[in-house]
Each structure stands twice: as structure tokens, then as C-alpha cells.
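Protein chains: 2
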Amino acid sequence: MKPTYIEHIGIAVNSIEEAKTYFESVLGLECYSVEEVADQKVKTAFFMIGQTKIELLEATSPESPVAKFIEKRGQGIHHLAFAVENTDEALQNAESKGITLIDKQSRKGAEGLTIGFLHPKSTFGVLTEFCSK
Amino acid sequence: MKPTYIEHIGIAVNSIEEAKTYFESVLGLECYSVEEVADQKVKTAFFMIGQTKIELLEATSPESPVAKFIEKRGQGIHHLAFAVENTDEALQNAESKGITLIDKQSRKGAEGLTIGFLHPKSTFGVLTEFCSK
Chain A
1 MKPTYIEHIG
11 IAVNSIEEAK
21 TYFESVLGLE
31 CYSVEEVADQ
41 KVKTAFFMIG
51 QTKIELLEAT
61 SPESPVAKFI
71 EKRGQGIHHL
81 AFAVENTDEA
91 LQNAESKGIT
101 LIDKQSRKGA
111 EGLTIGFLHP
121 KSTFGVLTEF
131 CSK
Chain B
1 MKPTYIEHIG
11 IAVNSIEEAK
21 TYFESVLGLE
31 CYSVEEVADQ
41 KVKTAFFMIG
51 QTKIELLEAT
61 SPESPVAKFI
71 EKRGQGIHHL
81 AFAVENTDEA
91 LQNAESKGIT
101 LIDKQSRKGA
111 EGLTIGFLHP
121 KSTFGVLTEF
131 CSK
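Each protein sequence line maps, in turn, to chains A and B.
Be aware that the first sequence starts at 1, since it is given in this note's numbering, and climbs by one per residue.
Be aware that the second sequence starts at 1, since it is given in this note's numbering, and climbs by one per residue.
Keep in mind that the hints were calculated from the coordinates and are not lab data.
The model shown is predicted, which means the values in this text are computed figures rather than measured ones.
Accuracy of the hints is not assured; some may be wrong.
Intra- or inter-copy, both count: the list cannot distinguish identical chains.
Unchecked claim - Capping the alpha-carbon separation at 30 Å, the derived lysine-lysine pairs in DSS-like fashion look like this:
id: 1; residue 1: 41; residue 2: 72
id: 2; residue 1: 108; residue 2: 72
id: 3; residue 1: 72; residue 2: 133
id: 4; residue 1: 72; residue 2: 2
Please take these sequences and the hints and turn them into a complete structure.
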């Protein structure tokens with residue numbers, strides 16, 4: 001059940017266009033994909049650094065969870081995603097240890113991954129995602 | 001100047017003792033070091049996952065930057081650290097591209113690394129650290 005690496009770090013931004021410039025020109029990272037995730041009402045942009053992706057998240061609607069996050073806390077790190085072998089098993093294991101789940105069952109996320117979220121109230125304020133291929 | 005991987009993710013918590021239980025028993029990670037960084041007024045605990053460390057941060061004084069962070073935003077992800085070859089060069093490069101620095105020059109951080117921080121106001125709300133060995 002142990003996650004093997006940090007799959008990605010999600011960062012909520014007002015504008016992917018503006019943030020992209022920083023990640024590209026200051027950090028020298030390359031954006032290899034821009035994708036819309038309709039059911040989450042977000043546009044995403046991905047950069048690779050070592051084993052880990054940085055996923056920029058821009059709301060496509062004021063009802064997007066990302067829009068609400070930014071309204072409340074401002075731009076910044078939104079969630080942390082751990083690579084696991086089996087997302088459903090990892091969710092069940094967490095629940096069996098008293099962790100509150102956002103997703104009782106896995107679902108499809110960006111990049112075709114199988115994902116599921118834990119609630120930050122039981123993970124020390126860190127919105128936590130499990131994902132598997 | 002390009003960072004090569006995510007060196008660590010700093011997470012501000014009220015109590016390392018409590019948070020450790022979650023990272024160990026739910027995520028199955030092993031805490032390999034607990035260290036106090038006196039000049040930052042924090043106690044730290046480290047876990048390794050793939051290339052990346054998770055660094056828990058607990059304030060040892062109400063004046064600690066971590067205590068102020070938690071007071072304002074609650075527990076959660078505090079900063080993101082990129083491994084670079086030379087921290088001073090990375091800081092200078094960022095400044096030359098208009099980024100506001102917290103550290104004009106590198107300094108010593110936890111685990112003997114040479115570190116320096118960028119100000120989150122110019123990095124889309126992400127308190128960003130460069131570190132080198």
C-alpha cells in the first residue's frame with residue numbers, strides 16, 4: 001500500500017498562461033501538455049521534473065473547486081498526489097485507518113490516471129490524492 | 001539553472017508526533033530523521049518517498065514563521081523545494097528575471113543543505129526553495 005513516489009503537485013493559479021511563463025523562463029521547465037478536465041471544471045498544464053509532475057490548475061468556471069480554493073486561500077499549492085499501485089486499495093486502506101475520504105471509489109483523472117482523494121481534515125490540511133496507471 | 005527534481009515538500013503541522021503516525025501508519029513511510037533547526041525555530045521530521053523528502057515542520061516558538069503560517073492558513077503544505085546544482089546561481093538567475101527573493105544569498109538549512117527562498121508573491125503563492133548539496 002506504500003506509495004512509491006510523488007506523482008504530481010497540483011498548484012492553483014489564476015492564469016495558466018501567466019504561470020507558465022514563470023515555470024518555463026525562471027525554472028527552465030517545459031510544459032508538455034495542456035488538458036481540460038471537464039468534470040472538475042479546470043484547465044491543467046503539466047511540467048516534468050525528475051519523477052514528479054507539476055500540474056497547474058486554472059478554473060474554467062466560478063463553481064470549480066479550484067476557483068473556490070483561490071477565493072479562500074489565494075493562489076498556491078492545492079494538492080499532493082502519491083503514486084500507488086492500486087488506487088481503490090489505497091483508499092480502502094486509508095479509510096480502514098480512520099481517514100475521511102472524498103472519493104469512496106476511484107475515478108478517472110487527467111492523463112488517464114485512476115485517482116481518488118482523501119479529505120484534508122484528516123491529513124493535516126494536505127489535500128491528498130492517490131493515483132495509479 | 002534548471003532544477004533536477006523535487007528535493008522536498010515542507011508541511012506545517014501542529015504536532016510532529018501526531019502527524020508522524022499518519023505518514024507512518026496510513027502511508028507506510030518511514031521517518032528517518034528528526035532535527036531541530038534553531039534559527040528557523042522549527043523541529044523537522046523527514047520521510048523519503050522516491051526522489052523526494054517530506055519534511056514535517058513544527059514550530060518551537062510562537063515567533064516561528066511556521067507558527068505564523070499555521071495561525072493564518074492552518075496546517076498544510078508550507079513550501080516546495082527544488083534541487084539545483086548551485087543555490088546562489090539559481091537565486092541570482094531568478095532575481096534577474098524579476099522574481100523577489102527572501103534570501104539574497106544562500107544559507108545553511110536542515111540536513112546540511114545550502115538553501116535559499118523565493119518570495120511567494122512572485123511565484124504564484126508557492127513559497128519556493130532552492131537547495132543544493
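Hint-by-hint comparison with the structure:
{"no.": "1", "hint": "41 - 72", "in the structure": "both (17 Å within a copy, 28 Å between copies)"}
{"no.": "2", "hint": "108 - 72", "in the structure": "within (27 Å within a copy, 34 Å between copies)"}
{"no.": "3", "hint": "72 - 133", "in the structure": "neither (32 Å within a copy, 37 Å between copies)"}
{"no.": "4", "hint": "72 - 2", "in the structure": "neither (32 Å within a copy, 32 Å between copies)"}
Checked against the numbered hints given earlier, this structure breaks hints 3 and 4; the rest are met.
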